[in-house]
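The listed protein sequences correspond, in order, to chains Y and D. Each residue of the first sequence is one higher than the last, beginning at 780 in the numbering used here. Each residue of the second sequence is one higher than the last, beginning at 2 in the numbering used here.
If you're looking for bench data, these hints aren't it; they were derived computationally from the structure. In this text, all values refer to a predicted model and were calculated from it rather than measured experimentally. Among the clues, some could well be false.
Said to hold, decoys possible - Chain D stretches covered by chain Y per the calculated footprint, using a threshold of three residues with CB under 8 angstroms from any CB of chain Y:
id: 1; stretch: 290-297
id: 2; stretch: 564-571
What the hints assert, rightly or not - Computed from the model, here is a short list of chain Y residues facing chain D with C-beta under 7 angstroms:
id: 3; residue: Glu-790
id: 4; residue: Lys-793
id: 5; residue: Val-801
Note that the Cβ used here is the ideal one computed from N, Cα and C, for glycine as well.
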Amino acid sequence: MPIYLQRQIDELKKQILALSAVVEETFHEAIRSLEHTDVSLADTVIARDHTVNEMEVDLEEECLKILALHQPVAIDLRFIVAVLKINNDLERISDISANIAQRTLGLATFNPIPIPFALFDMAEKVESMLKKSLDSLVNLDIELARDVCQLDDEVDAMHKENYSLVKNRIRQYPEQLDPLIEYLSVSRHLERVADLTTNIAEDILYMIDGEIIRHTY
Amino acid sequence: MRLRFIWQILPSFLFIILLTLVLLTWLFSRALSNFYLEQTSAGLETRASLVAFQVADSFTTGDFEQLDALSILIGEETATRFTFILPSGVVLADTLEDPAQMDNHAGRPEVAKALKGDIGKSTRYSNTVHNNMMYVAIPVKNNNQLAGVVRAALPVTAIDLALDAVYRQIILSGILVLLLAAGVGIFISRRISRPLERMRLGAENFARGDLSKRLRVEGVQEISALATAMNAMAAELNEKLKTVVRQHNEQKAVLASMVEGVLAVDTNERIIRINRAAAALLEVSAEEVQGRSIQEAIRKADLQRFVSRALSTRDPVEGDIVLRGSEDLYLQAHGSLLRGESGQEFGALIVLNDVTRLRRLENIRRDFVANVSHELKTPITTIKGFIETLQDGAIQDHQSAVQFLEIMMRQADRLNEIIDDLLILARVEQNSDQDELPLENLPLNPVIETAMQACAKMAAEKQITIESYCPPGLTAHINAPLLEQAVVNLLTNAIKYSPEQGKVLIETTRSEKDITISVRDWGCGIDKVHLPRLFERFYRADKARSRKLGGTGLGLAIVKHIAQAHGGEVTVSSKPGQGSTFSLRLPAKPIRTP
Chain Y
780 MPIYLQRQID
790 ELKKQILALS
800 AVVEETFHEA
810 IRSLEHTDVS
820 LADTVIARDH
830 TVNEMEVDLE
840 EECLKILALH
850 QPVAIDLRFI
860 VAVLKINNDL
870 ERISDISANI
880 AQRTLGLATF
890 NPIPIPFALF
900 DMAEKVESML
910 KKSLDSLVNL
920 DIELARDVCQ
930 LDDEVDAMHK
940 ENYSLVKNRI
950 RQYPEQLDPL
960 IEYLSVSRHL
970 ERVADLTTNI
980 AEDILYMIDG
990 EIIRHTY
Chain D
2 MRLRFIWQIL
12 PSFLFIILLT
22 LVLLTWLFSR
32 ALSNFYLEQT
42 SAGLETRASL
52 VAFQVADSFT
62 TGDFEQLDAL
72 SILIGEETAT
82 RFTFILPSGV
92 VLADTLEDPA
102 QMDNHAGRPE
112 VAKALKGDIG
122 KSTRYSNTVH
132 NNMMYVAIPV
142 KNNNQLAGVV
152 RAALPVTAID
162 LALDAVYRQI
172 ILSGILVLLL
182 AAGVGIFISR
192 RISRPLERMR
202 LGAENFARGD
212 LSKRLRVEGV
222 QEISALATAM
232 NAMAAELNEK
242 LKTVVRQHNE
252 QKAVLASMVE
262 GVLAVDTNER
272 IIRINRAAAA
282 LLEVSAEEVQ
292 GRSIQEAIRK
302 ADLQRFVSRA
312 LSTRDPVEGD
322 IVLRGSEDLY
332 LQAHGSLLRG
342 ESGQEFGALI
352 VLNDVTRLRR
362 LENIRRDFVA
372 NVSHELKTPI
382 TTIKGFIETL
392 QDGAIQDHQS
402 AVQFLEIMMR
412 QADRLNEIID
422 DLLILARVEQ
432 NSDQDELPLE
442 NLPLNPVIET
452 AMQACAKMAA
462 EKQITIESYC
472 PPGLTAHINA
482 PLLEQAVVNL
492 LTNAIKYSPE
502 QGKVLIETTR
512 SEKDITISVR
522 DWGCGIDKVH
532 LPRLFERFYR
542 ADKARSRKLG
552 GTGLGLAIVK
562 HIAQAHGGEV
572 TVSSKPGQGS
582 TFSLRLPAKP
592 IRTP
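Chain Y on its own, in the form it takes in the complex (with noise of 0.2 angstroms):
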């Protein structure tokens, strides 16, 4: 019985990490499409989500399949609740990338204009951040987790300062009104991709150590 847990478990972890792979993809072309303001590849990442959706429910199922059939402990118990809530998260990133391609459809209808603040530098930060928590869930690498809990810090920090430069550019040019507010749409799109990747890091941390560390970063 253990092997066939173990091959239900072997399985489990492909499916996590080939949602993750779709998801680290959805991500990155919602913020390409918004760097060439490109709407046909906003529109993919739109679908996309649909496609994701799926994956999570069947991810879901699997895993309340084996908690009830197996009735798994100790590190096995842990990887089933870590993949059970480092699924929804992907689902949650999944679904601000959609916003952030629906940004990218908002920005189109307007005329170009400057952006107000590091846009890309920050995307580029989330970016690396979700990519570090996903090394970490392949290589069970409690560094590379640990990381990702300290950049959260400098993204939240970002957006902080992402709000005065929009209110500032408010003042100063009224008229762009509708494309600025999009920007800071984005903006906190992105701090809130961040806090979900923080979210998976913790949960890797819990699968390995077995302890909760949420709300101690």
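Fit chain D to the supplied structure of chain Y, relying on the hints for placement.
For chain D alone, coordinates are given in the frame of chain Y:
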């Protein structure tokens, strides 16, 4: 537990020897005792006959006194007991006993037989002398009349004693033979088992993969033949292994040196093998990903989907894969199932072709055609439009007509500029293609000065200061007019995109390998999206603005080609809002001798 060889053969060895000894002893002792008994009975018979002959008369005469004396005398002389018995069974005389004391002997088996006229023989226990005795009785005849019986007797204990001595000797020699046999057995089994033991060690060596050592050929024929056979086996195995290793290495080398990425996965989507090209394309290390599942090793959704598709379809599959990264990679993938010898599937083979460059060239070509038609079409449309307006009567309105003609003139100038630039480009390209651009070793400073003077007017309009730092006397192999053109183009751009009262910096530095002329401005900068394509013909980072600022869209393409004609290159680094730096790098050593 397995017995050692020696314990296999020694007990059976000893058992057979023991059996032989016992059998021999038994046969020998029987033969011996038979022989002895026969001899004894024959002797007794002879003696009895002799005595009977002598005493025949006494029996008839009834001289019993003489008989008694005779029996004692002869008995003592021959160490034999004699008994004389009448036909009635009455004992007349005895060597050992007083006849009067003895009972009637007619019932004794030997006597009974003798009374019938035969020779009677018997061996039994005698109560008289308390011993096993052999008796031989013969009838005494006088004138064919039975006169009595003469019985001779000897104790048979002598036989037992003789047999005992024989037994003792046999047992003694038996033990000796046993010991000898054990020694010989041990010796032989050692002789057989020691080479076997050595062979076992040798075979264990073979099993461990050390096929270079050979077994010693020794011992008996069978064992030495075995050793020879095993040596031959080792040599053959060694040869086979070497072939396998060589073939494996060949295959690996073939796979590794393929330009196409090759990726093999098993049915569980685990990576069996990945070649260097594939590892480089997918940005993974070939050693690390080996044996891991594709989901774990390569986080590329398109590729994962393609692998599952290749594994689930019988026929070969084909598809495009986009690898998102800092730069997108476009791959063309072919997948087919891997089948074993018996036809069962054990995985899939994915071949990846990098078509990014093709895609990019395709894009460039498409954009070029679109851009060039756009750039040429715009002025022509404008000119045509104004001509039509003039034809429609605007020519009468002197003031507008002059204004229209001015605009037409500007557009014609623009067309001219574009065509001039295209011509320069064509010339530079042609020259550098045919390697006939004349290069001379000239100081750089005057070239830069001239370029600065050419842009001075334009800079003065925007109150921009141009500063140049160039080590005096620095020379390079250049074509002065072309290099000047390149610097002018870079300067024009820098001035155009700088804010008023700004600054442009020209820095010339020399390093070991090359000379770098960098033009730096603190203008609006360029988004990094545009950087890779900036030097394409007619490529515009910001379409609306750059056309407003003038320029043909060919300036940087010309710079690039001039740099290439000099054997150098041009690069750009830029940050939005912080300005840009264009660096023109020329090789310090001449690319060819003029």
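* Asked: Are there three or more residues in the stretch 290-297 of chain D whose C-beta lies closer than 8 angstroms to some C-beta of chain Y?
  -> Since three or more residues must qualify, the claim that chain Y covers the stretch 290-297 of chain D holds, with 3 doing so at under 8 angstroms.
* Asked: Are there three or more residues in the stretch 564-571 of chain D whose C-beta lies within less than 8 angstroms of some C-beta in chain Y?
  -> violated (count 0)
* Hint status (Cβ of Glu-790/Y to nearest Cβ of chain D, threshold 7 angstroms) -> With a minimum Cβ separation of about 9 angstroms from chain D (threshold 7 angstroms), the hint on Glu-790/Y is violated.
* Regarding the hint that Val-801/Y lies at the interface with chain D, is the smallest CB-CB distance below 7 angstroms? -> holds (4 angstroms)
* Holds or violated: is the Cβ of Lys-793/Y closer than 7 angstroms to a Cβ in chain D? -> Holds: closest Cβ of chain D sits about 5 angstroms from Lys-793/Y, inside 7 angstroms.
The earlier numbered hints that this structure contradicts are 2 and 3.
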